[in-house]
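Colleague: Now that you have both chains on their own, put them together as the hints suggest.
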Amino acid sequence: MCDVCGCGDTRVVSVDVHTSLLAHNDHEAAHLRRHFAEIGVVAVNVMGSPGSGKTALLEAAARALAGTRRIAALSGDLATRLDADRLAAAGIAAEAITTGSACHLDADMIHRALHGDFGARVAEADLLFIENVGNLVCPAIYDLGQAQNVVVLSVTEGVDKPLKYPVMFQKADLVVLTKIDLLPHLPGVTTRELRDNVARVMPAPRVIEVSAVTGVGVEDLVAALPPVAARG
Amino acid sequence: MHELSLVHALFDQADRAVLPHGPERVRRVEVAIGALAGVEVDLFRTAFEIARVERGYRSAELTIERVPAEHACSVCGARPLAGAPLACPCGGRVALTRGGDLILKRIELEVPDV
Numbered sequence: 001m002c003d004v005c006g007c008g009d010t011r012v013v014s015v016d017v018h019t020s021l022l023a024h025n026d027h028e029a030a031h032l033r034r035h036f037a038e039i040g041v042v043a044v045n046v047m048g049s050p051g052s053g054k055t056a057l058l059e060a061a062a063r064a065l066a067g068t069r070r071i072a073a074l075s076g077d078l079a080t081r082l083d084a085d086r087l088a089a090a091g092i093a094a095e096a097i098t099t100g101s102a103c104h105l106d107a108d109m110i111h112r113a114l115h116g117d118f119g120a121r122v123a124e125a126d127l128l129f130i131e132n133v134g135n136l137v138c139p140a141i142y143d144l145g146q147a148q149n150v151v152v153l154s155v156t157e158g159v160d161k162p163l164k165y166p167v168m169f170q171k172a173d174l175v176v177l178t179k180i181d182l183l184p185h186l187p188g189v190t191t192r193e194l195r196d197n198v199a200r201v202m203p204a205p206r207v208i209e210v211s212a213v214t215g216v217g218v219e220d221l222v223a224a225l226p227p228v229a230a231r232g
Numbered sequence: 233m234h235e236l237s238l239v240h241a242l243f244d245q246a247d248r249a250v251l252p253h254g255p256e257r258v259r260r261v262e263v264a265i266g267a268l269a270g271v272e273v274d275l276f277r278t279a280f281e282i283a284r285v286e287r288g289y290r291s292a293e294l295t296i297e298r299v300p301a302e303h304a305c306s307v308c309g310a311r312p313l314a315g316a317p318l319a320c321p322c323g324g325r326v327a328l329t330r331g332g333d334l335i336l337k338r339i340e341l342e343v344p345d346v
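In the order they appear, the protein sequences are chains S and B.
For reference, each letter of the first sequence is one residue, going 1 to 232 in the working numbering.
For reference, each letter of the second sequence is one residue, going 233 to 346 in the working numbering.
By construction, these hints were calculated from the structure, which means they are not laboratory data.
We put the beta carbon where it would ideally sit given N, CA and C, even for glycine.
One or more of the hints may lead you astray.
Listed next, the stretches of chain S that the computed footprint assigns to chain B, with coverage defined by at least 3 CB atoms under 8 Å from CB atoms of chain B [said to hold, decoys possible]:
hint, segment
1, 9-21
2, 97-104
3, 130-140
4, 201-215
A partial selection of chain B residues facing chain S, derived with a Cβ cut-off under 7 Å [claimed, not checked]:
hint, residue
5, Leu275
6, Val326
7, Ala327
8, Leu334
9, Lys337
10, Leu341
If we strip away everything but chain B, and leave its shape as in the complex, we get (with noise of 0.2 Å):
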């Protein structure tokens, strides 16, 4: 499982992100995971729980946004069925334009307000 070596990836980015607060500050962590970036979403829930309390995020919850898989033809544009061969009757190359991606989005944190 690879989820928590990408956990950790996401809380080195963090601790660069919520600075000069720091992490005990961090309330809602928020990603999108695309449904081809190779991540299994409940695997990758599971390892920010392992490693929250260890990274010192101890407040934080992860609101995760599911992004669906879309190919299209990079000539006329056309999207193939799904579950269809992907390839594009005019014979234009074929791409993933979305869903491919692991995305850290957002981090908001609860500051004194002074």
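The shape of chain S in the complex, shown without the other chains (with noise of 0.2 Å):
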């Protein structure tokens, strides 16, 4: 600073930005929802933890739907397109994202998958499925696109999480208990309990229990999953 008029002071300046920093993925998302809506597909995005049985419950509704919807599928993962061969050998149109490092999948990883050969399978479809990366916190925040959020719990994870990861509930318009078949095996762990803290963070709470293996409550899930959208 110069002693005489001050030149060389500095001043400082406040710039109100007031913007989310989801903005980016927000707007991505509305993008995939009206070409969805384009196209003529229902987006569900399927989160969990890993090993919750995501991919077993989208096997038995691709049984349970067979000849009655056409399904594709995109499913996350760090590595291997595993569950994406598995849900193809059901019949399913799926193909892999495989995210590296990500723990989430974000509207700009769906947007690419889309381009190519197989954005031309979903738009046959009338159902996509996105089995998102095997994790209870991220996944949550990031719009898809989706119709539906999906929020897949097991039985054998504890009563206690619904409570210990709240965001996810918040966001979820079902909750899918599966691996019931295995309650007999778990002292202490009630569907009623599940239920009870379930609604303790979900505002408008839907829960819905499944077994893959018997094919218990796989007919609830086809019913409670979103219909067939109108074209256009």
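Modeller: Here it is as structure tokens:
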């Protein structure tokens, strides 16, 4: 600073921004939502811990929906395309998104996956399952253009998970309790308590109970999926 | 940890907001993090420190306002008690009214006073 006129002095300027840090993802997700509406596909974002039974649930849904719905699936994992291969074997038009180190899928990844051959297969479907990276935390805040958020919670994870991971349940449209055939082996775990805990973190609780092994509840799952969209 | 990608989204937005001055003049970045925004505040601070220098924000301090979560019934306005079931006795739809957002609020720069 010069001591004659004060030139070289600095002042503090405040710039108001007030924008969501997810603005870019939300913008891309809005694009996806319009695209899905145009091609007559409803997208279902399936989230849950690793090993909660997401892939087995989608295999069971594919068996139950065979001949009535045309299903495509995108399966996100850090590595391998094992889940996509399983879903393809179940009759689903499936593709893998290998994220490398990312712990969640975002709208840009879905957009990129829809370019090319797989996009054409999705356009022939009426239901797109997006099987998110196994993780009960990070995927919750990323809109993927879905019509429905499904959280898969296996009874073997314990009754307290909804209370410990409230954000994902806050965002859920449907909670699927899986592996209920194992309840006899889990002293202290009841679906009543699981439902009660879900109701403390999910504003409009909607819970169904499924065993992909015995098939119990698979019809409830099928009935709870969004209906076929009008094209256009 | 998705906090690092969120911090890069923050700097992407800040890069545009601080034009024409540039990131090296930024002294403070203020964000608001909701209790149900899905962000771990300590991890967010760590991610900010990791990315700050690489993105050119050498002198930027991070200020975090923590916003508590609030639900309310969209029909009668009643708020559920903390930890209690969210459903409203009136049957109205309950929604999150506060604490779900992650917002870049304000950026302070030190610029030449000419």
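Colleague: Would you settle whether the hint for B:Leu275 is holds or violated, based on the nearest Cβ-Cβ distance to chain S being less than 7 Å?
Modeller: It is violated, given that the least Cβ distance between B:Leu275 and chain S is near 10 Å, above 7 Å.
Colleague: Mind checking the CB of B:Leu341 against every CB in chain S and telling me if the closest is under 7 Å?
Modeller: With Cβ-Cβ at 5 Å, under 7 Å, it holds.
Colleague: Hey, does the B:Val326 contact hint survive, CB to chain S under 7 Å?
Modeller: holds (4 Å)
Colleague: Going by Cβ atoms only, is B:Lys337 closer than 7 Å to chain S?
Modeller: holds (6 Å)
Colleague: How about B:Leu334: closest beta carbon in chain S under 7 Å, or not?
Modeller: Since the shortest Cβ distance to chain S is 5 Å, the answer is holds.
Colleague: Using a Cβ cutoff of 8 Å, are there at least 3 residues of the segment 130-140 of chain S near chain B, or does the coverage claim fail?
Modeller: That given contact holds, which follows from 3 residues of the segment 130-140 of chain S lying within Cβ reach (below 8 Å) of chain B.
Colleague: Go check the segment 9-21 of chain S versus chain B for me, would you? Three or more residues, Cβ under 8 Å, otherwise it fails.
Modeller: Per the Cβ count (13), the hint holds.
Colleague: Quick check on B:Ala327 please, does its C-beta sit within 7 Å of some C-beta on chain S?
Modeller: holds (6 Å)
Colleague: Can you take a look at whether the segment 201-215 of chain S is actually covered by chain B? Rule is 3+ residues, C-beta closer than 8 Å.
Modeller: holds (count 5)
Colleague: Are at least 3 residues of the segment 97-104 of chain S within less than 8 Å of chain B when you compare beta carbons?
Modeller: holds (count 3)
Going through the hint list in order, the structure does not satisfy hint 5, though it satisfies all others.
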